[in-house]
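Here's the letter readout for the chains.
Protein chains: 2
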Amino acid sequence: MNLNIILLEASLELVPKEIINHPAVVKNAKRRGKKPEETLLDISLHYHAMKNLKDNYKRGRPDIVHQALLVMLTDPTIKGNFFIHTVQSKIIRVNPNMRPPKNYMRFIGLMEQLLKYGKIPINGGETLMEVTNLTLEDVLSKYNLILLSEKGEKISPEEICRSNENLIIGIGAFPHGDFSEKILKLAKKIYSISKFPLETQQVICRIFSACNAILGWP
Amino acid sequence: MNLNIILLEASLELVPKEIINHPAVVKNAKRRGKKPEETLLDISLHYHAMKNLKDNYKRGRPDIVHQALLVMLTDPTIKGNFFIHTVQSKIIRVNPNMRPPKNYMRFIGLMEQLLKYGKIPINGGETLMEVTNLTLEDVLSKYNLILLSEKGEKISPEEICRSNENLIIGIGAFPHGDFSEKILKLAKKIYSISKFPLETQQVICRIFSACNAILGWP
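Chains as they are written, first to last, in our numbering: chain A, 1 to 218; chain C, 219 to 436.
One thing to keep in mind: the hints can contain errors.
[What the hints assert, rightly or not] Residues on chain A that point at chain C, a partial pick, calculated with CB under 10 Å: (1) Ala29; (2) Arg31; (3) Asp42; (4) Leu45; (5) Gly80; (6) Asn103; (7) Tyr104; (8) Tyr117; (9) Ser156; (10) Phe179; (11) Ile193; (12) Glu199; (13) Ser209; (14) Ala210; (15) Ala213.
Since the hints were made in silico from the structure, they are not lab data. Glycine included, each C-beta is placed from N, C-alpha and C at the ideal position.
Could you build all of it, start to finish, from the sequences and the hints given here?
Here you go:
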């Protein structure tokens, strides 16, 4: 089965310039033998450094992307076009054949390479992830965006799987708050699959499972 | 809905005595300000050190338990009795109200405390995880063990949810190989929910989703 997915406003970025001299940032970078601006922003390391960053409640959670990719890229039957839209509006294309590192620290190292060099692997071979020069509007010009949000109209995950329009499912990959106004305006439909707030990986888990149920649990 | 789950032969242990003097183990422990024997065995750090360990193909993957607990303990509707049986046959009781740390390094720190002190939190408050003095047989004396294995009889996840016997679902939490003979003998039934090998978290995701589907996707 084919499902196109875009993770939206994903908390995935290198440490921004404003805080590269913060002691917590410098210490972590030094320990890992990297320059501060080549390390990923991570609230579990940079909580104090992030205090004055704009929109900080949406930032510094690469673990959300990690969990989401682990679910999306290990399903044996669900394939499709996968994108990550970051909180800084970068569009990353994800090769559906990619197998993300299970280990978080290895994932972090890989994302640091991706954001520094623009693609992984750096030296040739099949590209697994790539920072494109597309805008969100470019990506959405090819699909109808179905946004999943607590505030949307209730729908079952199976109905999403059965929809045969040219869809891309938009799932928030940030820890708190709502989608930006811009994204809400780009959505063709806004749906909710649960009355409870669900985590990014849970949303993907429920949709992929529902699609697998329709396929007779292959 | 109520579901009892036991993660079986989970790759969760402190670095064993045989390798506490290995340079990779010492280096990681020193960097984290801990004694080698108080750090968790992790193949991403200890690959070379683990080469001669018995059953090494089943060991050093605490990330599997982390992923599994994140799925089990964030579902808004599925509750039950949750246990972890480790590859060294320790039985850990998991409080269903626990919210595991999302960040892997924080989870590692917490598991190191659990295995060193026998419970978390260490200093009073509601116990979230506890190393019991139970044997696997003690736990299974109260339930019928349904083992999920690629080699089992095909069943749909919904059928598992609908079963109203006094079940505990046994799910392997090790990276490679099959269950030990001992565990296979303890199983009342051995079922498979997919023709593909699934990862631990995927198995839980499919079962929890199927149970939520039966409940009308609350």
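### Query
Among the hints numbered above, which are violated by the structure, and what are their numbers in rising order?
1, 5, 8, 10
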